[in-house]
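Q: Chains as they are written, first to last, in the working numbering: chain A, 7 to 114; chain B, 73 to 189.
To be clear, the hints were calculated from the coordinates, so they are not data collected in a lab.
Any given hint could turn out to be false.
Here are the simulated lysine to any residue pairs, SDA-like style, with alpha carbons at most 25 Å apart [what the hints assert, rightly or not]:
| hint | chain 1 | residue 1 | chain 2 | residue 2 |
| --- | --- | --- | --- | --- |
| 1 | A | Lys-63 | B | Thr-177 |
| 2 | B | Lys-113 | B | Ser-130 |
| 3 | B | Lys-113 | A | Val-112 |
| 4 | B | Lys-116 | A | Ser-32 |
| 5 | B | Lys-123 | A | Arg-49 |
| 6 | B | Lys-113 | A | Ala-23 |
| 7 | A | Lys-63 | A | Ala-23 |
| 8 | B | Lys-123 | A | Gln-51 |
| 9 | B | Lys-126 | B | Leu-189 |
| 10 | B | Lys-113 | A | Tyr-45 |
| 11 | B | Lys-116 | A | Ala-23 |
| 12 | B | Lys-116 | B | Thr-187 |
| 13 | A | Lys-28 | B | Arg-109 |
What follows is a list of derived Cβ distance ranges for each label pair [what the hints assert, rightly or not]:
| hint | chain 1 | residue 1 | chain 2 | residue 2 | range |
| --- | --- | --- | --- | --- | --- |
| 14 | B | Thr-142 | A | Ser-61 | 37 to 43 Å |
| 15 | B | Gly-75 | A | Thr-109 | 20 to 26 Å |
| 16 | B | Val-84 | A | Gly-35 | 25 to 31 Å |
Computed footprint of chain B on chain A, listed as stretches where at least three residues anywhere in the stretch have a Cβ under 8 Å from a Cβ of chain B [unchecked claim]:
| hint | segment |
| --- | --- |
| 17 | 49–60 |
| 18 | 92–104 |
Cβ atoms here follow ideal geometry from the backbone N, Cα and C, with glycine treated the same way.
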Amino acid sequence: AQRVTQPEKLLSVFKGAPVELKCNYSYSGSPELFWYVQYSRQRLQLLLRHISRESIKGFTADLNKGETSFHLKKPFAQEEDSAMYYCALSGNDYKLSFGAGTTVTVRA
Amino acid sequence: EAGVTQFPSHSVIEKGQTVTLRCDPISGHDNLYWYRRVMGKEIKFLLHFVKESKQDESGMPNNRFLAERTGGTYSTLKVQPAELEDSGVYFCASSFRGETSGARTQYFGPGTRLTVL
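Given only the sequences and the hints, what does the whole structure look like? Please build it.
A: Have a look at this one:
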C-alpha cells in the first residue's frame, strides 16, 4: 500500500523566514514524488517533482529514501507563497496518493 | 494550450437526484483520472482511464458512480442516485501516455464542487 503523511495541517511563518513542509511516504517500490500547490481560487498545479531536481519559485525538495521523506523547503518565504500544499506519490500504477495537505500562511 | 476543463464548476442537487460531471483532458493525453476530496478528508483517487479503457477503478466508492470515456476524449462521471456523503470536490486530471517519468505528471482541472442536500 502507498501512503503519504503530511504532519502539519497549518503552518504560519513571517515573510522572509524559512519555511519547511514535511512529507513522509511509504511505498515498497520506487515511487515518484511530487509537490502540488493550490493558491486561493486556483486549480491544483504541479510545483515540483523529485525527478527534476529543480527549484521552482525558490522551493526545493530532496527525496531521502533512507528516511522516506520528501520535505519542501524555501529559505525566504514570500506573501505570495500562502497556499495549500500537497505532497503526492505515484507508484507503478501511476495514480496519485495525496497527503492531507498543509495550509501555509505567510504574514507580513 | 488549453488546460484540463471541467463542467460544471458547481452543482447543488437534492438527495436521490442524478448528476453528471464532465471532464475534458488536455489534447493528446491518453491518461485521464478522477479524484475526489470530501470535506475534511484527503484527495482520493477514484479511477483511471487509458484512452477509452478503464485501467483502474479501485477507488470508485460504490455502484452509484459510473464513469465513461467514449472515444477516448472527454469523460463523464455520473452519480445516481446522489447521497449526502457524495458532497465534495471532484477533480479530473490528465497526463500523456508513455513509460517516461513525465507520464506520471498529472495536470488538474479546476474541479467541480458537488453539494448534495
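Q: Compare the structure with each hint and give your call.
A: Structure-based check of each hint:
1. A/Lys-63 x B/Thr-177: Holds, at about 18 Å.
2. B/Lys-113 x B/Ser-130: holds, 18 Å
3. B/Lys-113 x A/Val-112: With Cα atoms ~24 Å apart, B/Lys-113 and A/Val-112 stay inside 25 Å; holds.
4. B/Lys-116 x A/Ser-32: holds, 16 Å
5. B/Lys-123 x A/Arg-49: Holds, because 24 Å separates the two Cα atoms, which is no more than 25 Å.
6. B/Lys-113 x A/Ala-23: violated, 29 Å
7. A/Lys-63 x A/Ala-23: Roughly 15 Å separates the two Cα atoms, so the pair holds.
8. B/Lys-123 x A/Gln-51: Roughly 23 Å separates the two Cα atoms, so the pair holds.
9. B/Lys-126 x B/Leu-189: Violated. B/Lys-126 to B/Leu-189 sits at ~30 Å, over the 25 Å cutoff.
10. B/Lys-113 x A/Tyr-45: It holds: about 18 Å lies between the C-alpha atoms, which stays within 25 Å.
11. B/Lys-116 x A/Ala-23: Violated - the C-alpha atoms of A/Ala-23 and B/Lys-116 are around 32 Å apart, more than 25 Å.
12. B/Lys-116 x B/Thr-187: Given that 25 Å is the threshold and the Cα spacing comes to 17 Å, the pair holds.
13. A/Lys-28 x B/Arg-109: It holds: about 21 Å lies between the C-alpha atoms, which stays within 25 Å.
14. B/Thr-142 x A/Ser-61: 37 to 43 Å: With a Cβ separation near 42 Å, B/Thr-142 and A/Ser-61 satisfy 37 to 43 Å, so the hint holds.
15. B/Gly-75 x A/Thr-109: 20 to 26 Å: 24 Å Cβ-Cβ, so the 20 to 26 Å window holds.
16. B/Val-84 x A/Gly-35: 25 to 31 Å: At roughly 42 Å between Cβ atoms, A/Gly-35 and B/Val-84 fall outside 25 to 31 Å, so the hint is violated.
17. 49–60: holds (count 6)
18. 92–104: holds (count 8)
Violated hints, in rising order: 6, 9, 11, 16; the structure is consistent with all others.
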